[in-house]
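Asker: Residue strings, one per chain:
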Amino acid sequence: MNAAGSQRLQAALWWLGVAIAVIVAAERVRRLEWAAVAPSLPFLLTALGRSWVLAIVSIACGVIAAFPLALTRLYGPRGLRQLATGAIEAVRATPELMVIFWVYFTWPYLAGNQVTAWNAALGSLSVIAAAYLAEVIRAGISSVPAGQVEASIASGMSGLLTFRYIVLPQALRNMLPALLAQLVALFKTTSLVYAIGVMDFFRAVAVTKNAVFAPYALYLILGAGYFVSCFAIGRIVRWFDPRYQLLE
Amino acid sequence: MAGGIIEFRNVHKWFGTLHVLDDVSLAVQAGQVVVVCGPSGSGKSTLLRCINRLERIDRGEIVVDGAPLDDQVRKITRLRAEIGMVFQRFNLYPHLSVLDNVMLAPLKVRGLARDKARAIAEDLLAKVGIPEKASAYPAQLSGGQQQRVAIARALAMGPKIMLFDEPTSALDPEMIQEVLEVMVGLAEGGMTMVVVTHEMGFARRVADRVVFMDAGRVVEEATPEDFFTRARDPRTRSFLGKILSHVPGLPDAST
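As given, the protein sequences belong to chains V and S, one line each in that order.
Going letter by letter, the first sequence gives residues 1 to 248 in our numbering.
Going letter by letter, the second sequence gives residues 1 to 255 in our numbering.
It should be emphasised that the hints constitute simulated quantities derived from the structure, not laboratory data.
No incorrect hints appear here.
To give an idea of the chain V side of the interface with chain S (calculated C-beta under 10 Å), a few residues: (1) G156; (2) M157; (3) L161; (4) I166; (5) Q170.
From the derived model, a few chain S residues whose C-beta atoms are all more than 10 Å from chain V: (6) I57; (7) G129; (8) M175; (9) E221; (10) R237.
Since the structure is predicted, the reported quantities are computational estimates derived from the model, not experimental observations.
We treat Cβ as the ideally placed atom computed from N, Cα and C, and that holds for glycine.
This is chain V alone, in the form it adopts within the complex (with noise of 0.2 Å):
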């Protein structure tokens, strides 16, 4: 037998064993005890929009934070620029589930005010996407070549046109795979909340599982509804990609 048929051979059987593979695995997820899940769907739906809620609210608030933490970080006077630092870097190096916990027990005991644990929830998640967002767009901006810089002030453009029509446009094109990773990793940073009480996808799973015995279908489900709201999150980021080439 020649090269050329013994590859058209072994892909033919690698194939057959793909599809082997997903008809077995499609009738096992066939007999899963849907039946029992099935009354729980719009609560568990409603608790996914619950945690996209949680997502976009902090990812909002973060953004709007994370702009001058970046920016101070970067050309701040001394005393700020390292406070700025340290913020950041203090919730990076911490636990995000003790991010959580700090918001909702050390919170009241500092105030003297009560917080909800959904306040708490949205109140810790921007804290946490604010020292993230601000590492990316600062590296975002650090990847704008100096000559860059130069070419514009030599032409008389003051430091602030200078930032607005050629470091930022730059910067938010070269921080979009950063910023797509770093969304995906703080929606699914989300179901973190379950733990101070928040009905969010993950938790309303966790509780539907303690109700109706069917661990295989809730986990399916569960596994499910994070993957389709990341990939969303991918394409929602993509779709702001502008054409142009970043290349000289």
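Following the hints, position chain S against chain V.
Answerer: Just chain S now, kept in the frame of chain V:
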């Protein structure tokens, strides 16, 4: 010598312990073309970058267009609008089309109307010989075309002075000529130019004066005629011997 559009008066600059500009005095008259050459690390690029204050000086004084350079950000920004600069690595804005590269500063700094800025930009792109590339992006152009766009971009501000920092050093040999032609055209049009380059053919053709620097000092300053045939300083003669030996059609400096 006094009263030039650019004047260096006993300028010193250090990078750490390195004395990059060592007591440099120099005057460039309006309409003159001055070529600055010298070995790598001689301070020629630093000298050029001091003129529009991309580098600060440690001692001495630089007067540009009648006003001493100082630390006032607004004044420096206003002065830079009158000085065009062309870089070795082009530094075109990769996220903007060729036309937008040329139009940006006139729009944002001069506050020109869009159609006026566009007319100026299209005119300049025609002048540097690439009107058909107006809507292209920098990445789609050859090095020579990019550098000609960079020249058009600098000219769009209507500068009184043009600075060139080794404008052909990053170009493939076959593209050097197209950039030099544009520069010769500018020089013949009466533009005040300071050009850091090793293109001695260009210096012979259009320079009013050639300045040779070594170790942060101006070693020799002469007309091209004298510079190439009667260089006084042995360092100049040695330098010329090295760079002219592979440029056919130019007199050997050692003769």
